[in-house]
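Chemist: If you want the building blocks of each chain, they are given just below.
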Amino acid sequence: MADLENIEHLRKKRARIGFLKKALALLLIVAAIALAVAFRHEISRLNLVEQLTSHLVGIGSGPGWPVDISGITVREMAPMGNDLAVLTDTDLIFYSAQGREIRRVQHGCANPVMKVGGTRVLLYDTGSREIRVESKTRTVGSKTMEYAVDTGDISANNCVVLVTQGARYASEVTVLDKNLAQLYQWRSADSRVMVAALSDQQDEMAVGTVNVRDGQLYSTLLLFRFDEEQEYVREELAGELIHSLRYKQGCLQALSSRRLLTFSETGKRMAEYSLGEETLTAFDSGAELFTTLLVGDYREFKELDLAIVDYTGAAVGGSQLDFQVEDSTAAGDRVVLQSGGTLYLYGGGALLDEMAPLMEILDIQLVGKNLYLLTPSTLEKITVR
Amino acid sequence: MRNILLTISYLGTRYHGFQVQKNAVTVAQTLQDAMEILLGRREDIKGCSRTDAGVHAGFYCLNFKTENPMPLPRIQRGLNGLLPWDISVRGCREVPEDFHARYDVLGKRYRYLIWNSPARSPFWEGRAYSYYPPLDLEKARAVCRAYVGSHDFSAFCSVKSDVEDRVRTVTHCGIEREGDLVTFTVEGDGFLYHMVRIMVGTMFWVNEGRLSVEEIPAIIASRDRGRAGKTAPACGLYLDRVFYDLEGLRWEEGKDLG
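Going down the list, the protein sequences come from chains A and B.
Anchor point for the first sequence: position 18 equals 392 in this note's numbering, and the numbering is continuous, going up by one each time.
Anchor point for the second sequence: position 179 equals 184 in this note's numbering, and the numbering is continuous, going up by one each time.
Keep in mind that the hints were calculated from the coordinates and are not lab data.
The model shown is predicted, which means the values in this text are computed figures rather than measured ones.
Cβ atoms here follow ideal geometry from the backbone N, Cα and C, with glycine treated the same way.
Where hints are given, some of them may not hold.
[Said to hold, decoys possible] Derived CB-CB ranges, DEER-like: (1) A:Q698 with B:K70: 44 to 52 angstroms; (2) B:R146 with A:G742: 18 to 26 angstroms; (3) B:S126 with A:T749: 46 to 54 angstroms; (4) B:G231 with A:R608: 41 to 49 angstroms; (5) B:S126 with A:L725: 22 to 30 angstroms; (6) B:E143 with A:D463: 28 to 36 angstroms; (7) B:S166 with A:R542: 53 to 61 angstroms; (8) A:T757 with B:R146: 25 to 33 angstroms; (9) B:R95 with A:R643: 25 to 33 angstroms.
[To be verified] Some, not all, of what chain A presents toward chain B, calculated at C-beta under 10 angstroms: (10) E605; (11) E609; (12) Y647; (13) E651; (14) R673; (15) K676; (16) D679; (17) A681; (18) G692.
[As the list claims (entries may be wrong)] A few chain A residues that don't get close to chain B, going by computed Cβ distances all over 12 angstroms: (19) V404; (20) I476; (21) V479; (22) V514; (23) Y521; (24) Q590; (25) A612; (26) G613; (27) R643; (28) G650; (29) A689; (30) Q698; (31) M729; (32) G742.
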């Protein structure tokens with residue numbers, strides 16, 4: 375009898391626990407829905423749904439590496455979160471870190487250009503008026519500009535900036551929001567815009583123009599807020615060419631042929647990393663927190679300088695290299711340099727590893743700690759330190 | 006009109022080479038500033054050589070023409086009073102009217118100073134190149150012997166040079182050590198752009214085992230800059246002597262005329 379009572383007691387206890395678990399789960403679901411409704415605008419602005427989808431679609435097993443790409447000409451590879459975007463002569467392909475092909479789409483471009491943003495890719499054909507935006511799961515949209523696109527970029531929050539040449543203007547810069555609706559436009563009457571970048575806050579852009587006066591080259595850096603018609607910062611760089619503009623953690627980094635300038639969120643110049651008299655050989659400004667610079671003339675001096683600069687403009691490390699660098703790729707403060715058949719891994723500017731893969735390497739791309747190697751017939755992946 | 010030859014010494018660390026350049030302080034510009042104050046005119050000066058930024062000179066010759074009758078010793082003293090601490094005039098003489106400091110050069114001597122020690126020297130920083138691996142003097146001397154002679158030194162010429170005739174005669178090349186300071190000396194009838202620095206850099210590569218002494222003749226014969234070693238930094242290089250067919254400046258091979 376006592377045993378029966380104990381069993382009944384246990385059964386009721388388990389039923390209570392089960393009920394409480396279900397009630398808790400239901401409460402969490404309701405809370406999540408309530409939060410989503412309350413913050414729907416923020417979620418939309420931050421593309422949280424798309425970010426989540428983009429992340430989830432890359433999860434799951436895959437056939438592994440290498441991936442056979444025989445007969446395919448790869449033009450470019452770029453990281454997209456933990457996954458890889460590959461631009462070929464005919465297609466844009468997304469691969470997961472496990473080697474699974476997430477999506478493949480024909481781009482139809484003769485000379486395709488790919489720019490990777492947060493969860494989307496901007497695609498356009500050099501000299502064409504058409505642009506297209508793709509994600510890992512769908513074609514987001516397309517647009518026909520009034521004039522041919524010179525260059526473009528897509529920000530981490532998927533806004534697009536396009537530079538076109540106009541009939542009456544030297545350059546026209548158009549900013550599109552994530553729905554490809556025009557957000558802002560600026561025209562330059564006499565200077566060509568060479569590079570443009572968008573802040574992640576969707577409220578500001580940086581533009582680098584070039585002009586020649588009295589036989590001298592001038593580049594001008596302009597910062598615009600989208601609620602103002604004119605620039606709020608204008609900085610002229612005589613004798614320099616602006617190679618790259620990139621917003622990192624709210625700061626803007628402008629890389630010219632002579633220096634790396636860092637500007638604060640208010641447009642004040644915070645730091646300057648000078649290249650001195652050295653030649654800028656290569657750079658990678660794609661990492662969120664760091665910019666990698668390869669400086670020097672190897673043909674002349676048989677050495678190069680590797681420098682890692684963080685988003686505040688402070689130099690965090692560097693090395694002197696006594697080998698010619700044919701290709702480089704960076705992720706965070708990690709850099710992989712290719713010299714002949716040898717790959718050198720640097721971290722914070724210090725040599726961490728040396729690898730000599732037994733294959734002909736055509737291109738390299740570092741995504742986190744995954745190093746993708748393009749060979750004539752395969753796409754390989756190795757994990758680095 | 007007098008044609009005046011100045012011999013000067015300068016430490017090149019703060020200067021962007023000898024020749025006048027826009028937006029950069031050079032030795033020539035600094036000298037002309039001083040001459041303008043002293044002589045009342047900014048005279049056009051002809052230097053014996055174009056030295057790179059950071060290169061030093063123990064004995065650099067230049068000439069200028071002036072109508073100013075100021076005595077030569079006063080010119081020397083006056084300029085030394087106006088010039089900064091790292092440039093000095095060591096000689097001032099009148100030379101024939103048709104003398105040209107650059108085109109009348111018969112030969113030059115360069116020295117390259119190497120601080121060869123694991124610990125850098127604060128006294129030689131910027132005045133000698135700090136080279137840490139122990140320098141094998143026997144190997145280095147063998148490299149120096151390989152440089153002597155008349156050769157097409159294209160392999161030891163900057164890729165940026167557009168000089169067509171690259172044959173030069175190296176009459177003397179040697180290396181000596183005094184404690185941690187090693188001096189590479191080379192004398193010849195002329196030197197191509199970066200030639201001495203590439204000769205020193207190649208010697209470093211031989212020392213490090215990246216090249217062998219036996220390869221030097223083949224490298225010279227290849228006329229391929231890609232085969233020679235690196236370009237040693239400017240901070241260790243000194244123009245040590247310039248030779249002319251002038252009394253007191255004549256060239257006796259390997260001898261310091263004082």
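Chemist: Each hint should be assessed against the structure and marked as holding or not.
Modeler: Each hint tested on the structure:
1. A:Q698 with B:K70: 44 to 52 angstroms: Roughly 48 angstroms apart at Cβ, these two residues keep to the hinted range, so it holds.
2. B:R146 with A:G742: 18 to 26 angstroms: violated (52 angstroms)
3. B:S126 with A:T749: 46 to 54 angstroms: holds (49 angstroms)
4. B:G231 with A:R608: 41 to 49 angstroms: This hint holds: roughly 44 angstroms between Cβ atoms.
5. B:S126 with A:L725: 22 to 30 angstroms: At roughly 27 angstroms between Cβ atoms, L725 (chain A) and S126 (chain B) fall inside 22 to 30 angstroms, so the hint holds.
6. B:E143 with A:D463: 28 to 36 angstroms: violated (58 angstroms)
7. B:S166 with A:R542: 53 to 61 angstroms: violated (46 angstroms)
8. A:T757 with B:R146: 25 to 33 angstroms: violated (49 angstroms)
9. B:R95 with A:R643: 25 to 33 angstroms: At roughly 45 angstroms between Cβ atoms, R643 (chain A) and R95 (chain B) fall outside 25 to 33 angstroms, so the hint is violated.
10. E605: violated (26 angstroms)
11. E609: violated (18 angstroms)
12. Y647: violated (20 angstroms)
13. E651: holds (7 angstroms)
14. R673: Holds. Min distance 5 angstroms.
15. K676: holds (3 angstroms)
16. D679: This interface hint is violated because 12 angstroms lies over the 10 angstroms limit.
17. A681: violated (17 angstroms)
18. G692: With Cβ-Cβ at 16 angstroms, over 10 angstroms, it is violated.
19. V404: holds (68 angstroms)
20. I476: I476 (chain A) clear of chain B: closest Cβ-Cβ about 44 angstroms, beyond 12 angstroms.
21. V479: The assertion about V479 (chain A) holds, with a minimum of 44 angstroms to chain B.
22. V514: Nearest chain B Cβ is 47 angstroms from V514 (chain A), so the label holds.
23. Y521: The claim stands: Y521 (chain A) keeps its Cβ more than 12 angstroms from every Cβ of chain B (closest is about 37 angstroms).
24. Q590: Since the minimum Cβ distance to chain B is about 10 angstroms, Q590 (chain A) lies within 12 angstroms and the statement is violated.
25. A612: violated (8 angstroms)
26. G613: violated (8 angstroms)
27. R643: holds (20 angstroms)
28. G650: Per Cβ check, G650 (chain A) is inside 12 angstroms of chain B; nearest 10 angstroms; violated.
29. A689: holds (20 angstroms)
30. Q698: Answer for Q698 (chain A): violated, closest chain B Cβ roughly 9 angstroms.
31. M729: M729 (chain A) is indeed farther than 12 angstroms from all Cβ atoms of chain B, at 21 angstroms.
32. G742: Fine: 35 angstroms to the nearest Cβ keeps G742 (chain A) off the interface.
Checked against the numbered hints given earlier, the structure breaks hints 2, 6, 7, 8, 9, 10, 11, 12, 16, 17, 18, 24, 25, 26, 28, 30 and satisfies all the rest.
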